[in-house]
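Colleague: Okay, here's what each chain looks like letter by letter:
There are 2 protein chains.
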Amino acid sequence: MTNPNQAGAKEPLFLDDLQVGQRFASGSHRIDEEQILAFARQFDPQPFHLDAGAARHSLFQGLVASGWHTVAITMRLLVEGGLPIAGGLIGAGAEITWPNPTRPGDVLQVESEVVELRPSRSRPDRGIATIRSETRNQRGETLQVLVARLVVPRSATSTGAGPAA
Amino acid sequence: MTNPNQAGAKEPLFLDDLQVGQRFASGSHRIDEEQILAFARQFDPQPFHLDAGAARHSLFQGLVASGWHTVAITMRLLVEGGLPIAGGLIGAGAEITWPNPTRPGDVLQVESEVVELRPSRSRPDRGIATIRSETRNQRGETLQVLVARLVVPRSATSTGAGPAA
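Sequences listed follow chains P and G, in order.
Each residue of the first sequence is one higher than the one before, starting from 1 at the first, in the numbering used here.
Each residue of the second sequence is one higher than the one before, starting from 1 at the first, in the numbering used here.
Incorrect hints may have been included.
[Unchecked claim] To be clear about the criterion: a stretch of chain P counts as covered by chain G if any three or more of its residues have a C-beta under 8 Å from a C-beta of chain G, and this derived list gives those stretches:
1. 44-57
2. 61-74
[To be verified] The calculated label-pair distances, taken between Cβ atoms and stated as ranges, are:
3. P/45 to G/156: 21 to 27 Å
4. G/56 to P/56: 47 to 53 Å
5. P/33 to G/23: 34 to 40 Å
6. P/16 to G/34: 36 to 42 Å
7. G/119 to P/41: 29 to 35 Å
Simulated from the structure, these hints should not be mistaken for lab results.
All C-beta atoms, glycine included, are put in the ideal place defined by N, C-alpha and C.
Taking the hints into account, I'd like the entire structure generated from these sequences.
Modeller: In structure tokens form, the structure reads like this:
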């Protein structure tokens, strides 16, 4: 039932163009200690994200990125062609797990799969696409699994205007 | 069954100190257009996060923050005393919904409630606390609901060392 990998397909897709099982691959991003510290200072100032020495004595036994940093980089990779959805990537909600921490030097890449498509009952011009995005590093270790519910216009003739579904 | 609001309590709490129904309140953070644009340029470069003019014609009918920016600010507010958990805030996973978008000028504040406590079967020194954190603006509108599963040491005598549970 799965479709061929759509990596490289960049024309934006509407809800009616998507199929369950369809897959997309993103570009990649290398994270380094400087990026980890900068994000942590701004949004998640905890010792295991801020200080390699303190991090060695933590649960993680070394410096790790904030999980919210991993998700932010994942979003960037999806927006930059990793998930070519018409109207942009507008999330109604998401579930996230972090099976392994992101560490300095990791090269992140995202593979996404369409898992459910549900036209809106109240708004015929749109629907919800549920997309499972797995962020892995260069050793193929899964750092994050993000299952997001996106608001997607049905077709090119849909307006997509008005408040969220 | 709910306990008094614990706002201001800042001594870090271990799993054995927490109770279902216990509540915590964070400080506040005012988000402005400049912050929204800076985050979007780095992590979520979509027109409705980057350009007030383009945003007027989007689903949101005006500039809105990336949902990942709302969650990052929420994390900052939790780390800075909004959720005083011993050993830090270490997430195993989370569920997020964004009932309303975050807009320039919104003042974000987070209220958290302990919803489940589960000692680890394999590791007697720790457990999982499930915490529901609601981020609201100055008008009391709910911008985000974050339900996070946190790894928490059982008591002050727990080491908290070793790989994640």
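Colleague: Against the range 47 to 53 Å, how does the distance between the Cβ atoms of residue 56 of chain G and residue 56 of chain P compare: consistent or not?
Modeller: Once the Cβ atoms are compared, 50 Å apart, the range 47 to 53 Å for residue 56 of chain P and residue 56 of chain G holds.
Colleague: Quick one: are residue 16 of chain P and residue 34 of chain G within 36 to 42 Å, going by C-beta?
Modeller: For residue 16 of chain P and residue 34 of chain G the Cβ distance comes to about 38 Å; the hint holds.
Colleague: Test coverage of the segment 61-74 of chain P by chain G using CB-CB distances below 8 Å; three residues minimum.
Modeller: Since 7 is at least three, the answer is holds.
Colleague: Okay, residue 119 of chain G versus residue 41 of chain P on CB: inside 29 to 35 Å?
Modeller: For residue 119 of chain G and residue 41 of chain P the Cβ distance comes to about 34 Å; the hint holds.
Colleague: Given the range 21 to 27 Å, decide if the beta-carbon distance of residue 45 of chain P to residue 156 of chain G lies inside it.
Modeller: Holds - the Cβ-Cβ distance for residue 45 of chain P and residue 156 of chain G, about 23 Å, lies within 21 to 27 Å.
Colleague: Starting from the range 34 to 40 Å, see whether the pair residue 33 of chain P and residue 23 of chain G falls in it by beta-carbon distance.
Modeller: 37 Å, holds
Colleague: Check whether three or more residues of the segment 44-57 of chain P sit with their beta carbon closer than 8 Å to a beta carbon of chain G.
Modeller: holds (count 6)
Against the hints set out earlier in the document, no violation occurs for any number.
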